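Chains as they are written, first to last, in the working numbering: chain Z, 1 to 227; chain S, 228 to 471; chain V, 472 to 519; chain P, 520 to 727.
To be clear, the hints were calculated from the coordinates, so they are not data collected in a lab.
Keeping only pairs whose Cα atoms sit at most 25 angstroms apart, straight-line, the calculated DSS-like set for lysine-lysine is:
1) P:K575 x Z:K223
2) Z:K223 x S:K314
3) S:K314 x P:K587
4) S:K314 x P:K575
5) P:K575 x Z:K163
6) P:K627 x Z:K223
7) Z:K223 x S:K379
Quick caveat, the model's predicted, so the values are computed rather than measured.
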Amino acid sequence: MTRLSLSQAFIYLLRRDLTLAFRNRAEFANPLLFFIMVVTLFPLAIGAVPELLARIAPGIIWVAALLAAMLSLESIFRSDFDDGSLDQLLMSAHPMPLLVLAKVCAHWLVTGFPLLIISPILAEMLGMPQQAQGVLFLTILIGTPVLSLVGSIGVALTVGLPKGGIILSILVLPLYVPVLIFAASAIEAAAGGLDVSAQIYMLLAFLFLALSLSPVAAAAALKISMS
Amino acid sequence: MFLWFHKLGSPPHFYRIAGNWLPWLGTIFLLLLVAGVYGGLVLAPPDYQQGDSYRIIFIHVPSAWMSLFIYMVMAACGVVILVWRMKIAEIVLISSAPIGASFTFLALATGSLWGKPMWGTWWVWDARLTSELILLFLYLGVIGLHGAIEDKRVATRAIAILAIVGMVNIPIIHYSVEWWNSLHQGATVTKFDKPSIHWSMLIPLLLMALAFQVYYLLALFQSCRAELLQRERNSKWVEELIAK
Amino acid sequence: MNLSEFFNMGGYAIYVWPSYVLAAIVLWNFLIWVDMLFMSGLRMSSRR
Amino acid sequence: MSDTNLLQIDNLACIRDDRVLFEHLNLLLAAGQMLLVEGANGSGKTSLLRILTGLKLADEGEVLWQGKPIDQLAADYTEQVSYVGHHDGVKRELSCLENLRLVQAMGKPSGVELDDALDRFGLYRYGDTLVSNLSAGQKRRLALSRLIVTESQLWILDEPFTSLDKNSMAGFERMFEQHLAEQGVIVMTSHHDIGMVNADIQRLDLSQ
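Could you put together the complete structure from these sequences and hints?
Below, the structure is given as structure tokens:
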């Protein structure tokens, strides 16, 4: 028998992580519930004035998405660290960045993708104008993978730590600022009927940058954390 | 040159050379500081728009420069650590972080003090102040991560990665914030980067910037020596040093 | 120029002086702190 | 250095906090040899094993495989190594078969059929059982069955016999002897007495 090719190994690990998540359903549900609840809190806190809500809806949804993404980050490597599987992955015959990328993809499908599905409903609840909802969908589609990718570096650095969670947020949130700025402003511009291609191109640029660099950084960080 | 560099890379030599440099650095720092402060507070004329309040920039701008510069040094050390595993780079990286954080804090605090008479509030979401705040978070992340990892060798390698990742992100964050700022406030009233600054203000500004650079070296060297003693306390050269 | 005019800083004294004093405190204290670390490092090593 | 020396430990040191766990450690292991690492708790057995896997960085010195430093070989080295650590490294939410398939997918699969591998360790009936339903001993056996489903010459085992009964211990010892006979190399720690009389065993006591 021969060793798997790179793409086969990638798909294998992706499927394995999806299977694990599927058998551990809470992992799906929790970030999603958190996302919905945070968005719900805003009208309660600032008053359900339709104009006000519609105006700050992009900000609310994106801040909530950011927090939900951050809270779910730990699960990328946590269970593999706890049961020793991470050692096995680090010693595998395949390049580690590829495996990290597979894990991050699985993580995004499990935690980021549900946000994508639910966000139009929340946008409607906050009274976001119709023409902005398509752009919201687009920004979440492009933006949340960046959050998972960049976040994976942070988790890789904090994976063995007893109080990794709080450190993780300090490490990761500043790095999320550009995504937040461009995503929220794209939606706002769309609500105002303006052209949003500049913001979308920026988000795409972030995505490609994160796709090419963060798996390498996260793999290096994992190696260091495990030593 | 290379040999000298190589020598500097060995802990006992670095310890000794840094120790020899300390008094000189202290003297140069004081001279530059006195000249800069005198030029900035006394010789430079009041600004025709901002009166005397602009004199804060002699602290604010060099601090902001230093905060960026030190982060760049840290990222460079990060590369050296990961590629060549040089011990001195590890020490320089972790010793630089609190100094950089101090300068960042200074830039923020003085920016706020400058903003009050200019804008009427202590805090404005101005591009420079906002970037500076995020930079402070990046510094705190580095310091926090180093503190959280018990094995200090692992910790320095971890913050090496973090510093490099941060360095890649700093320009992105900076331009995002600038862009965001122009979007929400129109033309800002930032007068820090006036295109033409009079030489009577420029010279003290540069003197202060130099003074801060020298201060960085001074604080860095002493802090590196402390860190070296701490880390290499079991090694022969420390024992010999103490025995003397 | 007389001294009180200088200290008055054209009415901006409460902004200008705190900036300089704060810078002095932060930079000076850092040096003191580092020096304390250094001394305690020396003491710890010599106790062995 | 002769061709048969596969693994070479060169002036290795490991320091934790203030304590020197070991230093100036030199060793040669030839094909067909086993290294039994002994020592009290906290004497650095696990650290040594992790350095040998390449997961951990030594404070000084290096480890050579066929004459080349292992950090240069990287994946070319790790694909020849199987490591069973303190943790079993199996996923609770997957079945035994799924776990072994994963092991093969991540490494260099050997020709051994997975069902045969399970059968050999008395896990045949549990092929489709989730690992979370297995006992500690069964889990350990599953972890050890990793060794034969991939082609690896060097086995690094940290307390392999934890929670195993006498019978299965003996079974694994036969398996180790067979691996050594096939020119394999084993590095392991164990608190248990080893009943491998035919094996060429080097002992290393880290307590001294």
